[in-house]
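A.B. asks: If you read the sequences in order, they're chains Z and C.
Residue numbers for the first sequence follow this note's numbering, beginning at 1 and rising by one.
Residue numbers for the second sequence follow this note's numbering, beginning at 298 and rising by one.
Keep in mind the hints are simulated off the structure, nothing from the lab.
From the three backbone atoms N, C-alpha and C, an ideal C-beta is built for every residue, glycine too.
Each hint should be verified, as a subset may be incorrect.
[Claimed, not checked] Each pair of labels, with its calculated beta carbon distance range:
no.	chain 1	residue 1	chain 2	residue 2	range
1	C	468	Z	44	33 to 43 Å
2	C	537	Z	25	27 to 37 Å
3	Z	155	C	353	56 to 66 Å
4	Z	25	C	430	31 to 41 Å
[Said to hold, decoys possible] Per the computed footprint, the stretches of chain Z lying under chain C, defined by three or more beta-carbons under 8 Å from a beta-carbon of chain C, are:
no.	segment
5	209 to 216
6	234 to 247
[Stated by the list, open to error] Some chain Z residues well away from chain C (every beta-carbon gap over 10 Å; in silico):
no.	residue
7	136
8	156
9	191
10	192
11	221
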Amino acid sequence: MTEPSDPGRAPDPEAIRPQRPAGPTHRALAERAQRRRSAVIAGVSTVVVFGALAAIVVRAPGWGQVRRAFFSWDDFRASLGDIAPAFMLNVRIFLIAEVLILVVALAVAVARSSRSPVLFPVRVLATVYVDLLRGIPIILLIFLLGFGVPALRLDGVTNEPVVWATVALVLSYSAYVSEVFRAGIDSVHESQRAAARSLGLTEGKALRFVVLPQAVRRVIPPLLNDFIALQKETALVGLLGPIEAARQAQIYSSKTFNFTSYLAAAVIFVALTVPLTRFTDWLVSRRRDRVSAGRLA
Amino acid sequence: MSKLVLERVWKSFGDRDVLAQVDLAVAEHEVVALIGASGSGKSTLLRCVNLLEPVDDGRVLLDGVDISEPGRDVDAVRRRIGIVFQAFNLFPHLDVLGNVTLGPRRVLGFARRDAEARATELLARFGLADKASDYPDRLSGGQQQRVAIVRALAMDPELLLLDEITSALDPELVGEVLDVVRELKAGGMTMLIATHEMAFARSIADRVCFLDDGRICEEGPPAQVLDAPRHPRTQQFLQRVLRREDDTRP
């Protein structure tokens, strides 16, 4: 029992602020114990799950054959030597397509977001384009352009299959990416546009200096996500004949009757996509931290 | 001649008449405060003046020229009229200097260096010199609103519209923003101010207009409208508001 405090007494201004005792707090200790427990559980459950999966695969009746056909170290090394140079074609296609997609998609998104009556036909065209191109499977588009355009035998137009396959990728992905951009544009609050217009900026300048910079920043994570997908889709170019990584793997396997080359190609693709995926996740989580800290407008 | 004249202005959203035949004149160097309940049309009136909302009927005259005529170059009009919003509406992707120089550079065609020199001067005048390279999300509400005022001033406006500029602020930050407005009045700025701060309206306005349901119910010098309102609606409104101000007074 303590003495009841005198209700009429004013707080003493000279009273010393209570000092926090040294050492970890009660809560810090509890959290540390909790973390240790979680780590142990995660470790045990990982071993159990992956152990069980490995046991199922290794004990399957066909495992011996599969191991020889898909996991041959010699074939892996031999095919990697062929596939790695071929993969440079995938990288080239990817890099060129990426830049073109950004340009086309942004143009389409801006056209669809415009309100000017003069641009009405452009708006219709952009809408039709997005609807159509999102509906056509890329593989069909690659065949249509890759076989169709050269068949026209137009003067001065290249018949190079790589070019037309890349065009097909650009057309298809631009339709998707333009929707990403458009979502970003729509996510910028109307009051930002009002603030820009009230300074006397024209519709176009408000878009360029105020709306788009904010919109693009917001859609970088989903944009990178689409580019990760694009990296893999470059393998479809091989369907027209150009020898990129997946096609090279196929050639190797048809010569040796061993499928390890496909695994080698997959490893190369993954080696490029994983860093980009991690980078995207990092961007997303950083952004989430900023939003939850209430610092992002 | 009046700087700004609203002549029988009508504005409706759907079938709701937000402004019903509003007549209002603001003389050069005059400060007019619009008071009235939420939804009485104060903000809409301001937005109609700088053409963020087109008026349905009637005319808005700036220096005697009809600016509300359909087909008029709205950007040329807005260049001459500054507006400050309740929610600041600063550009979050630009730092303070970027916010203040955007208009001068992209609308008035100032070179970057000239625009920044002028902006720095203005920021210093309002105690924001050390914030020039900060982003808006690093500033307090009061600082953000002062930056928003400076952004409007950087366009050298002939008329400044203030739309409830202290309503989104914590009480202890209201003062610093109102001080800026007082300084602007001392400098002769023509202002049309929508406000909930009766004490502020009393101290700064040359004239107070009470808006009720889209109509100007009563207008006159602050002492008359705020202390001896004649219209029953004004009396009712002031009773409600002033009682609330008493309640919050410690």
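A.B. asks: Work down the list of hints and note, for each, if the structure agrees.
C.D. replies: Hint-by-hint comparison with the structure:
1. 468(C) to 44(Z): 33 to 43 Å: Hint violated: Cβ distance 56 Å, outside 33 to 43 Å.
2. 537(C) to 25(Z): 27 to 37 Å: At 49 Å between Cβs, range violated.
3. 155(Z) to 353(C): 56 to 66 Å: Roughly 59 Å apart at Cβ, these two residues keep to the hinted range, so it holds.
4. 25(Z) to 430(C): 31 to 41 Å: holds, 37 Å
5. 209 to 216: With 4 residues close enough to chain C, the hint holds.
6. 234 to 247: Result for this restraint: violated, n = 0.
7. 136: Holds: least Cβ distance 36 Å, greater than 10 Å.
8. 156: Residue 156(Z) is indeed farther than 10 Å from all Cβ atoms of chain C, at 41 Å.
9. 191: Nearest chain C Cβ is 5 Å from residue 191(Z), so the label is violated.
10. 192: violated, 6 Å
11. 221: Check passes; 16 Å lies beyond 10 Å.
Of the numbered hints listed earlier, those contradicted by the structure are 1, 2, 6, 9 and 10.
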